[in-house]
Structures are given as C-alpha cells and as structure tokens.
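Participant: Listed here are the chains, written in short residue letters.
Protein chains: 2
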Amino acid sequence: MCLLKLPIAHEKTLSWVDAFFIATSAATVTGLATVDPGSTFTLFGEIVILFLIQVGGLGVMSFASLVVIMMGRKISIKQRVLMQEALNQPSIGGVIRLVRNLFVFSISIQIIAIFFLSLRLVPDFGVSKGIYYSIFHVISAYNNAGFSLWSDGLMGYVGDPMVNIVISFLFITGGIGFTVLVDIWVSRSWKKLSLHTRVMLLSTLILNIVAILFFYLFEFNNPKTIGMLSGAEQFWASYFQGVTPRTAGFNSIDMTAINPDTSLLMILLMFVGAGSTSTGGGIKLTTFVVIIFTVAAFLKGKDDTVVMKRTIRNAVVYRALAITTISILFIFAALLIITYVQKDTSFMVIVFEVVSAFGTVGLSMGLTPDLTVIGKIVICVVMVFGKLGPLTLAFSLAKQTKDNIRYPDGEVFTG
Amino acid sequence: MCLLKLPIAHEKTLSWVDAFFIATSAATVTGLATVDPGSTFTLFGEIVILFLIQVGGLGVMSFASLVVIMMGRKISIKQRVLMQEALNQPSIGGVIRLVRNLFVFSISIQIIAIFFLSLRLVPDFGVSKGIYYSIFHVISAYNNAGFSLWSDGLMGYVGDPMVNIVISFLFITGGIGFTVLVDIWVSRSWKKLSLHTRVMLLSTLILNIVAILFFYLFEFNNPKTIGMLSGAEQFWASYFQGVTPRTAGFNSIDMTAINPDTSLLMILLMFVGAGSTSTGGGIKLTTFVVIIFTVAAFLKGKDDTVVMKRTIRNAVVYRALAITTISILFIFAALLIITYVQKDTSFMVIVFEVVSAFGTVGLSMGLTPDLTVIGKIVICVVMVFGKLGPLTLAFSLAKQTKDNIRYPDGEVFTG
Ligand SMILES: [K+]
Ligand SMILES: [K+]
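So the sequences go chain by chain: L and H. Using the numbering used here, the first residue of the first sequence is number 338, and each one after it goes up by one. Using the numbering used here, the first residue of the second sequence is number 338, and each one after it goes up by one.
No wet-lab data here; the hints were simulated from the structure. Heads up, a few of these hints could be off.
In this list, chains with the same sequence are indistinguishable; a pair is considered to hold if it fits within one copy or across any two.
[To be verified] As a list, the in silico DMTMM-like pairs of lysine to aspartate or glutamate whose alpha-carbon atoms are at most 25 Å apart: (1) Lys561 <-> Asp681; (2) Lys680 <-> Asp707; (3) Lys561 <-> Asp640; (4) Lys713 <-> Asp640; (5) Lys637 <-> Asp497; (6) Lys466 <-> Asp497; (7) Lys561 <-> Asp373; (8) Lys713 <-> Asp373.
Full structure from sequences and hints, please.
Facilitator: This is the structure:
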C-alpha cells in the first residue's frame, strides 16, 4: 500500500484511502477499483498490484496446500485416512510432492496462456506492450483477481473467441479449487474422483449453463448491452458474463447498463462464489449445493441430505447453513452502513457492490469510484471477510472448544 | 372474492385481479392493497373484508389450537408430556377448556379496545361512524391485518397516545402467538413460564426497543417523515413504526418518504415477523433468536446453541436454519420475477413489497397499486406462502417419510 502511494507508482494523484482500497482489492484478488488502474498507475505501480495479486492468490494456494498437508499429518486419524483415500497417496511425502507438482502445473498453464493471449494482443499493441498485457491479464485471470488495464475491462474483446476462451479457462481452472485439481491430478478417471470433485465439476457445469441462458434471456433485447451485437458476439458475451460472476470479475459488457433482473441473477452467482480452497470468495459452490439438496430433502420430509447417492453428514449440512446465514447477516450489516452513509445511491447498485466484494468478484455497477471514505472502508472489510471468512470459519470449527456446562434441553417453536 | 366483485360491494370500478388481490390480502391478514379500501368499497364491501380478516385470523387461531390439542393427544408420548408440562394441565379436557377460555379472552380484549378507541373516534366522526371505525380497526389490529379505512393509514393520529397505545397493544398481543398467551394464562409467574414464552417476551421487548431507537436515529432529521413533528409526536411515531413492521402493517407516517437505511431495517423486521402460532407471517421471532444464538455459538466454536441456559436441540436449530434458507430462496425467486416484469421500479421498493407480503405485514413504499397483473399474482402467492409456509413446513417435518435407502456418507468441503 505504501509502495502504491510512492510518487513513482502513480501518474495521477492518489489519496491514501484509494491506495489502501486498491491494495486490499488486489491482495484479496477482488478487482474492485476506486480509480482506473490502467490510467492511474505507472508501470511500477501496476507491477506492485500484480505482486499483491500473486501474493493474495498464492497465499490462498499455500494455505490450501497447508490444509492438505496438515490433514494428512496432524489432524485425526479418521481425517488422515479420508485424505489419503482422496489423494490415493500412501505417505505424507507423496502429498508434499503432489502439492509441488501442482504448483508446477499452475505455472505451466499460465505460461501457455500468456503465449496464446500474446497471439491476439501483440498484433494490437506491439511486442513489449502486448506481452506485458498478456502477462498481467493471465495472472489476474488465473488468480481470479479481475483487474484489467483497460478502463472498460474486456469490452474491446467482447466477441473475440481467443480472449474469451483463454481468460475464462484460466479463471474457471483457478476458481474450481485446489482440492479438485489435486483430485483430478491423481485420479484421472470419473469413477475414482471424490464426491467433492464430482459435485464441483457437475454443479459448475450446470450453474454456468443456467447462468448463460438466463443472461441471454434477460439481456438479448437490451440495446445498451448485447442487443446491438451480432449473433456470435451475443453468444460470447452471454457465455463470458454467465461464467464470470462466480468470482472472476472481468466484464466484457457495460455493467452499468444491465437490467435489474440480470443484476439480481448476478448477485446470486456472486454470493455463491467459487470452489472451496480456490482463490475465490462467496459461500462456495458446494455450500450452495448442500443447501439446495438440504432444502429439497426438507421439503420432502426426509432426514438425510443425499447428493449423488451419498449422504452428507449432519455436521456438514449444519456448517453449510451456518456459513450462509452468517454471510447473509454480515452482508446485511454492510448494506445497512452503506445505505446510511450513501442515501442517494440506488439500492440495487449498493447490493451489487457489497455482494461483489463478499464474493471477491470485482464486478461493479459503477459505485466503486463514488464511494465515500466510510463506504470504501466498509467494502474493504467485506472483501477481507469474503476472502478469509468461510475458510477461517471452517478452521474455527475444527478446533471446537468444548463447553464444560451442558445445559438441559429447552423447547422453542420455530414454525 | 366474488362478493367483493358484486356491484353493491364497490363504489369505484374494480378489476377481477384487484378483487382477488384484496381478498387474498384480507384472508392472509396482510393488508397490502392495490386499491384504496376506504374509498373503493361500500359498507357492504368493507364488511366482507372484515369477515375475511376474521376468518383468516381465526383460521390461524383454530389451527393453532388444533395443534395444541393434537400435541396433547396424538403425537408422541414425549411431546404429550412436554405439552402437559407447558400447559400445567392434567388432561385433554383441560386443554380444550383452556382454548375456549382463550377465545373468550380474545373477544373481551377486542370489546374493551373498541370502547377505548371509540372515545377518540366518536368525537371525530360522530357516533355510528366512530363506533364502526373503531370496530374495523380493532379487528384489523388484533388480527394483525393492517387494513385501514383511511387512505393515509393512521397518519392522522401520528401523535395521538390513545390510538397508538390501543392499536399497538392489540397487534402486539395478537402477534406474540397463541402458545405464549396460553402459557401466560396458565403459569402467571415468570419462573413457571416455558422457555418459549420467556424467549418470546424478552426478544419482543429487546427487538422493539432496538427498532424504535434505530428508526428515530435514521429518521429524526428527515423532514418528510418525522423531522418536522414535535418531540412527543416524534416519540409516538418512532414507537409505532418500530413495533409495526413485525407483522401489523399499520403506518402512522408516509412510508414512501422513509430513508433507505430505514427501509432496510424494516425489511429485516418484516422478514423476522411475529411469534410462532400467531396470525403473523415471517420466519418468526423464535426462529430468528435461535439463528442469532446458533451463529454466536458457531463463531465461538461451541457445539450447542444455548438460549437462557437451555440447550436448543439440534433438530430445532436445523429447522430454524432450513426455514430461513427456504424463505430467502423463495423471496429471491419472487424478486427475480418482479424485477423481470417491472424493470423500471426501484429495487428497494420491490424488496420492501415482497418481504412485506412474506411477513404478511402490509407496509408498502407505494408499489402495490402500480403492480402489473403478474406482479399482483406473485405478491398473492408470496402472501399465501408467508401465511402458510413455516407452519406447513413444521408439519411436513412432523410426518417425516423415512427413506428406505440409507446411502453411505460422502464428504464435501464447504468452507
Ligand atoms: K475477482
Ligand atoms: K398485516
């Protein structure tokens, strides 16, 4: 943050609160920006942002691998068995090697992506700028940061298949979660995959398709977004905007012009977020799946939540419900403060902004630059909560402090 | 509904969908109105509405007493013991007599209230109209219907202590729930009261005080609501608007002029709603209390939800979380449809309307008359869901169908 405030980091004037905001947004890989990064920062400033994104992204990756390693080493025997089963690894050494392999895999994917993106950007911007832009956007995409050096995001490439495919492949891979990548890496067959991986793959596919279809349905006759585009451009725009809200945060259309029903759809997607142990935020896709199946079981009057012929343990169901409820209460508190300090802003725009910060998504309907100082600080807190919250909660659950006093049962009616 | 459509029922023209809407709103004791009841309907029409309110209100009362009786008779021995303990009744006959006594008590309260309200309204409107207005508003208040014969609700009596006290006393008593009234009737000492009753009384008190204070804080300098009123009027307005959103739905100020932070506060209160087995809607106050305590326990890493030194059983916690989640998903679906059909309406106004219907509250920021036909039908569905939903869900839980297949446990990560 202090680096960003240095005179050599920015071309335009930059307040302390904006430097703090951009640094937080980068380190939490959110991508919300109170100032336009491309025109505000110098090359040095941009590299600082890129560094923060990598630290933020790698931080999660390292933390996730730490979890993986710890699960194999320290925690209960039951969990160790589960983990070794999931990873098909006979020893701890195997797990560590696996994590190392995955880092190599991540780097390789990014290098290949930079190559392909350069094929498009070098002709447009020349060699050095084209390669630099490719590096910046690949790192931003793989870490689901959503920062772009163009003031209109990816709107210049709305119908470009190469940019759409490369960028979305990166953020979908980065967003599906470390444990899924590990599992695919070691299993290499659908039948051997863990329940978590199969649920993640299938629900990612279904939710993305549903989101793409609804986006198209809600926007195809909106002249300010995709109404005036060609059929192919409409396809790419719907595809991209359907998959980006669950944490990536790049935009290829003008987000300030979307219809209210589209906003609401995106708010749901941003709230759901990416995969567990990914760089993304939100309540996480599996949490959402568990909740949907729990509600279905509940309405059918069944005791157990069953997903893909596997019973989800009560503790997991309970945790999913608790994460969702805590998140909603937290978002509500943030909304209350921001509506209090920014009385003239449309409510939809505020909800969109707060949920975007919670999901560390980075899409905005234009509020970010207009936030008051208190608004900026609240959004920063929400970004950090969205980033750390659920994982931290999961950990706080792992080290449950037993209560010494066991109170007798009491009855309340909740119906 | 057909009665309302009769020529003798209305003075102004009335469409079928509006007749349907008003009938649904009355029978679910919500109070939302697409047309102004006072000027649209004749005396005959108003009496039909009053009849629907009584049927809707008594329907719940009867249903609730059926639950009370069934709990003592049919369901498990454990529940029977619990119920008899709660009611301090040695036999089923005692329970039935108790229910009868409570109906007598309800009628007596309403007659007394009509007397006191007449003291204010007879001088203003003459004897016959004054008494009729008193009867209408007492029935409307006790059943938490929120219908008023004045087009501006109770704004004419914003600073009147008599109207404020009588009306709010009625809807607080009606909204606290049948089981609580039963318990107070038989226990008559704080120590003997069941946990449910003590939680209801304490949380009603705390939530009302918090709501009153926040309403005052958010509105005291808003010249369109209470900013221009005298100190005493501000007190009564804050008091009334603080307690009315949790299902009553009367307004003593101009709801279209409230600040966005106030709207958000009221949305929360309307979502929470009234007491279990009351005439009100929402997720119910005890559900909200269980959730708050569960979240607190969760964040402290504790296994049990403890309220007032009593452990809440997991099944109850789970049900509270499930009710809340289902309600939020349902509200979200309604919002999606209404934002789709009414693209030009402010999002806050739509959220306010939908949550008001869900809580069978009846407050509105002015959208009701401007709803499209689809919008009206959606709001009707939400009112019915808000009315029947949670209780029905509680019952569907009671007759759980056991699944024959027990699937093995599967692991997903939700953190
Ligand atoms: K992002
Ligand atoms: K009502």
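Participant: Give a verdict on every hint.
Facilitator: We went through each hint and held it up to the structure:
no., hint, result
1, Lys561 <-> Asp681, "both (24 Å within a copy, 15 Å between copies)"
2, Lys680 <-> Asp707, "both (12 Å within a copy, 24 Å between copies)"
3, Lys561 <-> Asp640, "neither (48 Å within a copy, 52 Å between copies)"
4, Lys713 <-> Asp640, "neither (44 Å within a copy, 36 Å between copies)"
5, Lys637 <-> Asp497, "neither (46 Å within a copy, 50 Å between copies)"
6, Lys466 <-> Asp497, "within (19 Å within a copy, 72 Å between copies)"
7, Lys561 <-> Asp373, "within (22 Å within a copy, 38 Å between copies)"
8, Lys713 <-> Asp373, "within (15 Å within a copy, 43 Å between copies)"
Hints 3, 4, 5 from the list above are not met by this structure, while the remaining hints are.
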